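Listed here are the chains, written in short residue letters.
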Amino acid sequence: MQEIVSSVKRNYIADLARQRKRVDGRGLDQYREISVEPGLIENADGSALAKIGNTQVLVGVKLQKGEPYPDTPESGVLIVNAELVPLASPTFEPGPPDENAIELARVVDRGIRESQAIELEKLVITPGEEVWIVFVDIHVLDQDGNLIDTSALAAISALWNTKPPKDEDWKLKKFPISKNPVTVTTAKINGEMMVDPCLDEESVMEARISMATTEDGNICAIQKGGSGTLTLQDIDKAYELAVTKADELRKYVK
Amino acid sequence: MEEKPEKLIVNGKRLDGREPGELRPLKIQAGVLKRADGSAYVELGGNKILAAVYGPREFHPRHLQQPTTATLRCRYNMAPFSVSDERKRPGPSRRSIEISKVTREALEPVVFLEQYPRAVIDVFIEVLQADAGTRTAGITAASVAMADGGIPMRDLVASVAVGKVDGTIVLDLNKYEDQYGEADMPIAMLPRKKEISLMQMDGNFTPEEFRQAIELAILGCEKIYEAQREALEKKYSANLGGE
Chain A
1 MQEIVSSVKR
11 NYIADLARQR
21 KRVDGRGLDQ
31 YREISVEPGL
41 IENADGSALA
51 KIGNTQVLVG
61 VKLQKGEPYP
71 DTPESGVLIV
81 NAELVPLASP
91 TFEPGPPDEN
101 AIELARVVDR
111 GIRESQAIEL
121 EKLVITPGEE
131 VWIVFVDIHV
141 LDQDGNLIDT
151 SALAAISALW
161 NTKPPKDEDW
171 KLKKFPISKN
181 PVTVTTAKIN
191 GEMMVDPCLD
201 EESVMEARIS
211 MATTEDGNIC
221 AIQKGGSGTL
231 TLQDIDKAYE
241 LAVTKADELR
251 KYVK
Chain B
1 MEEKPEKLIV
11 NGKRLDGREP
21 GELRPLKIQA
31 GVLKRADGSA
41 YVELGGNKIL
51 AAVYGPREFH
61 PRHLQQPTTA
71 TLRCRYNMAP
81 FSVSDERKRP
91 GPSRRSIEIS
101 KVTREALEPV
111 VFLEQYPRAV
121 IDVFIEVLQA
131 DAGTRTAGIT
141 AASVAMADGG
151 IPMRDLVASV
161 AVGKVDGTIV
171 LDLNKYEDQY
181 GEADMPIAML
191 PRKKEISLMQ
201 MDGNFTPEEF
211 RQAIELAILG
221 CEKIYEAQRE
231 ALEKKYSANL
241 GGE
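Listed in order, the protein sequences are those of chains A and B.
Sequential numbering of the first sequence, starting at 1, is according to our numbering.
Sequential numbering of the second sequence, starting at 1, is according to our numbering.
Since the hints were made in silico from the structure, they are not lab data.
Treat the hints with caution; some may be incorrect.
[To be verified] Under the rule of at most 25 Å between Cα atoms (straight-line distance), these lysine to any residue pairs were calculated in the SDA-like manner:
(1) B:K88 to A:P97
(2) B:K101 to A:E119
(3) A:K163 to A:I177
(4) B:K101 to A:E37
(5) B:K194 to A:Q233
(6) A:K171 to A:E121
(7) B:K7 to B:K27
(8) B:K193 to B:E233
(9) B:K101 to A:S203
(10) B:K101 to A:R18
(11) B:K88 to A:K174
(12) A:K179 to B:E182
(13) B:K4 to A:K171
(14) B:K27 to B:G167
(15) B:K7 to A:D71
(16) B:K101 to A:L78
(17) B:K88 to A:E99
(18) B:K34 to B:L128
(19) B:K88 to A:P96
(20) A:K173 to A:P94
(21) B:K193 to A:P94
(22) B:K88 to A:E67
(23) A:K174 to A:D236
(24) A:K65 to A:E99
(25) B:K101 to A:E121
(26) B:K223 to A:D236
Note that the coordinates shown come from a computational prediction; the quantities given were computed from them, not determined experimentally.
With the hints as constraints, model all of the structure from the sequences given.
Next comes the structure, spelled out in structure tokens:
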């Protein structure tokens, strides 16, 4: 199902964008209020609830033993999954994950995987036979826009919160995580680039671009979405915002 | 997959003999299928990809129809025998569902969808043989197929991947470079306005490398655009009795 936005609201948001203003009074480079609460779920090996404005995403990490992928016998396995549960939005329906849930999981996955935040090579029990599988489950609880950044923030916070499982095969002192990738999404409305789109803005935007960066300012993952286009200047602007805003978001990862 | 080669770039040349900014051999044919409203076939290196377009046609079930615009649907699919290692299980995977979504979003900006309210345009991309860069070659093929089918469009969409191997920015990654390189960035562009309609990336780019990669992708897309136009001109000049 799709979000329905009246054309009055649509025009209002677009007109505001032309004046470099936003529906909720924010600046174009301003996030809504952010909070992260780690360790909420005692039964998970790691967890975090992230909120950006009214959007809430809970991520739980579970560590389980299993077989490695045949092409990487000496590496642990990372599996990221996302569920858009129906309690989070009138447009979410029960059933197998749709393209939005799959895209969300894969974008968050790439940010974590490509930054090499988790030292997967340390998660081997018997090379080629048994390794630790890190399950990162994204549970969207309230959808008010910008699920990508909220989920990525919850996921990396949950991984930093992950404690060693009580298992004799676990030999490490702590969960091997070393980096802090953060994803920043910028939406294009009426030609203006603005960070952290809320739900109304998302349903009006021409396109969005999400960039995951690490502490050194390098880019580790990008995803453009939406049915419009971006100019080269738009992409430069998105990168600039991604780096400055990532520093701000990173303070919430604990 | 074979062993990782020690070096992917030797004396400034890539393992397949290409310069960093060179495309693999590219062949595009328009109008290759009888039944489809539009179709195209693309070979890029070892990639063999067919695209077909059906529509605009009536959209069923009717409650999905959009009253002010046509709906574009895309399906990217890989044949089970298209890959060099184990047989790919038929049917949609998480990967192919994501690729179908970004492909649709890459093509939507060029189609005058508002001219066909309630209708649907279906784009089918079949990867018959995969050799890295299938999503971009699929988009290249799909946009030629749409033009061949007479779908009203603002522009074609040209698409190619760029990446980083052994610290060098290269155009149109081959299978080794895709597997063992340090970054991969598929891009689709509307060549006339130089606007980007698809951008994905994974790996590691410094800001400087990122800019360099975008510039190289634009050059690559321009070459692909050239070949797309030639393919369309060839088919339609033949129909007019020319050549």
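| query | Among the hints numbered above, which are violated by the structure, and what are their numbers in rising order? | reply | 2, 4, 7, 10, 11, 13, 14, 20, 21, 23, 24 and 25
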